[in-house]
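Protein chains: 4
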Amino acid sequence: MIIIMQRGATEPQIEQLTQHLTSRGVRAERLTGKEQTVIGIVGGSGGYDITAMSAMPGVQEVVRVSSPYRLTSRAAHPEDTVITLPDGTRVGGDAPSIVIAGPCSVESEDQLRRTAETVRKAGVRFMRGGAFKPRTSPYSFQGLGFDGLELLKKVSREFDLFIVSEVMEPAHVPAIQEFTDIVQVGSRNMQNYPLLRQIGNIRKPVLLKRGAAATIEEWLMAAEYILAGGNDKVILCERGIRSFETTLRFTQDISAVPVIKKMSHLPILVDPSHATGRRDMVSSMARAAIAAGADGIMVEVHPDPDRALSDGAQSLTFELFEEMMGELVRVADAVNRPLLVDGYHYSPSGNRVPVAGLP
Amino acid sequence: MIIIMQRGATEPQIEQLTQHLTSRGVRAERLTGKEQTVIGIVGGSGGYDITAMSAMPGVQEVVRVSSPYRLTSRAAHPEDTVITLPDGTRVGGDAPSIVIAGPCSVESEDQLRRTAETVRKAGVRFMRGGAFKPRTSPYSFQGLGFDGLELLKKVSREFDLFIVSEVMEPAHVPAIQEFTDIVQVGSRNMQNYPLLRQIGNIRKPVLLKRGAAATIEEWLMAAEYILAGGNDKVILCERGIRSFETTLRFTQDISAVPVIKKMSHLPILVDPSHATGRRDMVSSMARAAIAAGADGIMVEVHPDPDRALSDGAQSLTFELFEEMMGELVRVADAVNRPLLVDGYHYSPSGNRVPVAGLP
Amino acid sequence: MIIIMQRGATEPQIEQLTQHLTSRGVRAERLTGKEQTVIGIVGGSGGYDITAMSAMPGVQEVVRVSSPYRLTSRAAHPEDTVITLPDGTRVGGDAPSIVIAGPCSVESEDQLRRTAETVRKAGVRFMRGGAFKPRTSPYSFQGLGFDGLELLKKVSREFDLFIVSEVMEPAHVPAIQEFTDIVQVGSRNMQNYPLLRQIGNIRKPVLLKRGAAATIEEWLMAAEYILAGGNDKVILCERGIRSFETTLRFTQDISAVPVIKKMSHLPILVDPSHATGRRDMVSSMARAAIAAGADGIMVEVHPDPDRALSDGAQSLTFELFEEMMGELVRVADAVNRPLLVDGYHYSPSGNRVPVAGLP
Amino acid sequence: MIIIMQRGATEPQIEQLTQHLTSRGVRAERLTGKEQTVIGIVGGSGGYDITAMSAMPGVQEVVRVSSPYRLTSRAAHPEDTVITLPDGTRVGGDAPSIVIAGPCSVESEDQLRRTAETVRKAGVRFMRGGAFKPRTSPYSFQGLGFDGLELLKKVSREFDLFIVSEVMEPAHVPAIQEFTDIVQVGSRNMQNYPLLRQIGNIRKPVLLKRGAAATIEEWLMAAEYILAGGNDKVILCERGIRSFETTLRFTQDISAVPVIKKMSHLPILVDPSHATGRRDMVSSMARAAIAAGADGIMVEVHPDPDRALSDGAQSLTFELFEEMMGELVRVADAVNRPLLVDGYHYSPSGNRVPVAGLP
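As you go down the protein sequences, you meet chains A, B, C and D in turn.
The opening residue of the first sequence carries number 14 in the working numbering; numbering runs sequentially from there.
The opening residue of the second sequence carries number 14 in the working numbering; numbering runs sequentially from there.
The opening residue of the third sequence carries number 14 in the working numbering; numbering runs sequentially from there.
The opening residue of the fourth sequence carries number 14 in the working numbering; numbering runs sequentially from there.
No wet-lab data here; the hints were simulated from the structure.
Treat the hints loosely; a few may be bogus.
Remember, identical chains collapse to one label, so a pair may be satisfied in a single copy or spanning two.
BS3-like, lysine-lysine: derived pairs with alpha carbons at most 27 Å apart [said to hold, decoys possible]:
id: 1; residue 1: Lys-167; residue 2: Lys-274
id: 2; residue 1: Lys-134; residue 2: Lys-275
id: 3; residue 1: Lys-167; residue 2: Lys-47
id: 4; residue 1: Lys-47; residue 2: Lys-274
id: 5; residue 1: Lys-134; residue 2: Lys-274
id: 6; residue 1: Lys-47; residue 2: Lys-134
id: 7; residue 1: Lys-134; residue 2: Lys-167
id: 8; residue 1: Lys-47; residue 2: Lys-275
id: 9; residue 1: Lys-217; residue 2: Lys-275
id: 10; residue 1: Lys-47; residue 2: Lys-166
id: 11; residue 1: Lys-167; residue 2: Lys-275
id: 12; residue 1: Lys-217; residue 2: Lys-47
id: 13; residue 1: Lys-166; residue 2: Lys-275
id: 14; residue 1: Lys-166; residue 2: Lys-274
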């Protein structure tokens, strides 16, 4: 912490502040500039909230020096975190970049099976599908609940897919983790701390979506709750932030990818479906994400999007999905992060080539 | 719903869309303009998600005509909702405007009692105090939990104060409502739907804070969850939104007050402490809120803010709090919404005058 | 300036940085904390751009200590700036709060005369009217230009009104200042530096509107251009900022009022017409502005808003304008900044009382 | 235009509105829904501002059907605009994607020549360099002015480079276009309409940067000013928008690329230097831009960024620039928009291959 005094702060004000610190056992050092004085806390704040002092007389600003996230920071853990699934498939670090695809909501067995088949045929190993749906309106379809999870489990076994599905309340965590391979915390729950604490208690990988108004720092602090709880298998997912621009649903913050890579060791995915809200924008943003260095993407696919019960406008048709996959393979190769397509990837010339380093 | 076709949409595209609607029992009417065609859904969409069609060929945009919130809308309920507390104190409508004051977190019995005394002496009837605290960092003080609620109950009885305190998870709702007169849903939980549904099941008044990135519409939709559950005692609370301006913690959206008054019948309060994050800004914004027509304000007060365990920088000292109360009384009178100060209000000349219409 | 080194920055990196500074004659002092090192620039940066060093190896962040605006800062000029017009009318400081009212665009002599008469009858001394109009679309009405200014001059003499009108390009400044009492720099031109420099050369008061995406600091820096040019008669005007909330046109940042009062000595007005874009929201926000401590407000009034050539939806009818004036008088009294209404102000009981200290 | 009446709008209100329209010669058609009435303007609004009616009694909202930009819209001009420079080099459409590189400001002949040499050696044909600089602070380096332009001209001839430089005021347009191949309108001047009109009068290509708070629509409307003036050689450039996220300087809106491609026929570039403000983020975002389908990128390069007079932190070193070029070549190939590198492009295996279709 550094406390910057106002221009014109008086000597008694500086004195009062220093005593306030000393009285609580905080060691401070003074730096006298030409116009302003700066006080540095050199030995830690002893758990004391220094920012509370930002309103004291003569204080201009309290500047935090060290990042408030510890376990999630790159400084604490210089190597990339790589998350390994039961069969050895890896996410993050130099592992192949992944695709998670599937419907917004599980609607029926037929819908799910048709999607699973298409997704699997394209070489994808991860399927998403919502059973518990956070919906803005209480009158919208709220998901099939545990029936939806049963369907996901059944179909995933059939097609050998890893399942990603969302949990919305702390009490559901133990049950839902049984049905999923990666437990998702949705955007609206990024700062649902009782939920994050429960998630910290399990050992399944977690996909932590960014809140629509969450800063990078708040997002990493949310991850910190999970890591501090003992679960270090966190995958971050950028899904668009709120800005003044409303042509699309949200503004996809692609720069979050290199920023997270710099500040943290956790893997980061990008979800262009929720960010754009329009299927004709999804491929471009998926390519951009991979080109920027994301560890993968997550997209929505539906056999008949115009009739989907939720998020139809942003769901890819099977045709668009396959087209996107072909493009992604090429971009992923160009940035030396070949796409994980069932142990293979497509070469630019269209040949399937085994991915080095995969089991 | 209205579907606007693109300039240059072909007749077959329009035909396909109309058939798509008709096949699902939706009655559509066509309006042929000079350059573009518009299709109006005239008899309701039959529960069908028309927005999913916004990505169909030839469609430019799907425009919603009617607001998605029903129970919370002014159209559905033209008179102001007035919430009555057990002793007859009223909030909303033409009732006197209220002040809720108290510490961010309950820290100790001494801290709470000193605050309660000051708050009560100023004539205020509502005290806030956090027992379960949503904190950005897992390493920050997380509140005293049920011990804090016990303290609130004890002190509130002593000083005859109504208690406002936050609930963070669905499972806590039944217990926490026993300790509070108004149950608060915090900003980070505005779209925590399992929590909103639980809150819909109780009959205590609810203070629903606006999410930092929530549009007015999303906020009213969150309230709709509670009303749809059967609890119509919802008080909205503006607490600052996220914008690019970072001099203060958030940007207080004062215009939400007249907007909500237009669109909804629910009472609306303003919380300038969280919005500004700085105690020297609180009074100005509290005055602005009352002048704009808010039904009241909520502020943080602490006996020794520089040593507070949370949000010290934004907590008013007792002295600043009393100064603010004097100012608010005058502004409230000027807009004909006299402040509720224990059954009295201060006249501009400083005399205490009984508030008409109070029990 | 303070340079915060990363956790784990090496001694050679710190050394390299210090040498880089020393080699350019900048004196630096080192503060060694428990985990991180901080380097303070103690004697000024000698015109050298220290922020360029924020990308040097080992550097975490460069933090500016002193505000970049000098002449506009409260520190440099502790007393409020009060701007005096030729007849002794004052703006800012403890002078009565003012109202500027008039049409968005000058459309015709009849429109202008009818508006002037209404405005004047309400006791208002300042009339706005656009002759050169910045319009988002090249196909919208662009203003009457110098013909409009001639009309403004003529009508203003007739009704003894001060004229506020916008200038859009540097070359027009000398001519336009002849027609106006206060020269307006519009929101879109807040960072039009050649224009600001020209404005710095004149001696007329300037109304500097805030850019829709301008931070408080950028706004004060724009004012700094004018003051640095030699014109210290700058009045700031908040007119709404861009946020994600789109129910209204912009988000009125009322908190800019107390923030500016803290950081600067310049007067600040609020324009609720452009901020809200809707006439039914204008009065609430005007009252909030005055209650928060603004030195006045600026609103749009039109004899027949539904037929206005620009901004009709946000223009007050004469009836709404008069209603607002009555309310403002009361709020202004409540905060001890009585409204300037032609040398008088209305007491809460409705009596006209002379304003103390006016000529 | 479509006028949506409120739920509960009365028959007389609908009647009044229809008469208001008819009296001005606007033909309206009525669509009566289950709960609300919609009025469609079927024959054009006759230059009349229908939005002014949005505040009339009973009106809920006025919805624009057709886009306000005409010349810049894809509907008006289905083929991509391709801009051809004197030697036949093309920008936009299916032409190779381009790189514009150079210093933020022209500082000296030595700085410029060293940069030009590096840029040229990498095969780049376009050099940027600011001579007139819009700076937030009046105390910052403001550029060398016409001396800077002379240097640009001299060096560009020597290295056969096209020059991109900014013009800040209308009066400078004729002179500056003589020194440049592409005239740049900066972000802060995107809505400087007198400047846009002057630019509309020349025949040089224009690089129109997006304002930091400009919506896509406002940006296209700014381009519309230039096209309406007769200059159809407009290249758009995304350079970051203002959002709440402040880890980087701005938020790069990569989705603007596919959105612009859908809505307009104009070429679009991306400037990751200004968007991120940090050189270690530039390459990732440049790759993302090309992957998303941009027609090129613009970056800042400096021989000694830590000593740059402006924007040093975001300027690439020569080494980082060359590294980025190698990466871009591969990504551009992967999306079938090979990079224009002096008539050649690098194959993924590192071989220079002539670009098909280049002169």
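Now for the hints, and whether the structure bears them out:
1. Proximity of Lys-167 and Lys-274 under a CA criterion of 27 Å is satisfied in neither setting, with 36 Å inside one chain copy and 42 Å between copies.
2. Taking the shortest alpha-carbon separations for Lys-134 and Lys-275, neither the intra-copy value of 35 Å nor the inter-copy value of 30 Å comes in at or below 27 Å.
3. Taking the shortest alpha-carbon separations for Lys-167 and Lys-47, neither the intra-copy value of 71 Å nor the inter-copy value of 43 Å comes in at or below 27 Å.
4. With identical chains, the CA atoms of Lys-47 and Lys-274 are at most 27 Å apart between copies only, with a shortest distance of 25 Å across copies and 38 Å within one.
5. Taking the shortest Cα distances, Lys-134 and Lys-274 never come within 27 Å of each other, neither inside one copy (31 Å) nor across copies (31 Å).
6. In this assembly of identical chains, the alpha carbons of Lys-47 and Lys-134 never lie at most 27 Å apart, being 68 Å within a copy and 46 Å across copies at closest.
7. Taking identical chains as interchangeable, the C-alpha atoms of Lys-134 and Lys-167 lie at most 27 Å apart only when both belong to the same chain, with a minimum of 18 Å there against 59 Å between chains.
8. Taking CA atoms no more than 27 Å apart as the test, Lys-47 paired with Lys-275 passes between copies only; the shortest distance there is 23 Å, against 35 Å inside one copy.
9. With identical chains, the CA atoms of Lys-217 and Lys-275 are at most 27 Å apart within one copy only, with a shortest distance of 25 Å there and 41 Å across copies.
10. Taking the closest pair of Cα atoms, Lys-47 and Lys-166 never come within 27 Å of each other, the shortest separation being 67 Å inside a single copy and 43 Å across copies.
11. In this assembly of identical chains, the alpha carbons of Lys-167 and Lys-275 never lie at most 27 Å apart, being 39 Å within a copy and 40 Å across copies at closest.
12. Taking the closest pair of Cα atoms, Lys-217 and Lys-47 never come within 27 Å of each other, the shortest separation being 55 Å inside a single copy and 36 Å across copies.
13. Proximity of Lys-166 to Lys-275 under the C-alpha cut-off of 27 Å is found in neither arrangement, the shortest distances being 36 Å within a copy and 39 Å between copies.
14. In this assembly of identical chains, Lys-166 and Lys-274 lie within 27 Å of each other by CA distance neither inside one copy nor across copies; the values are 33 Å within and 41 Å between.
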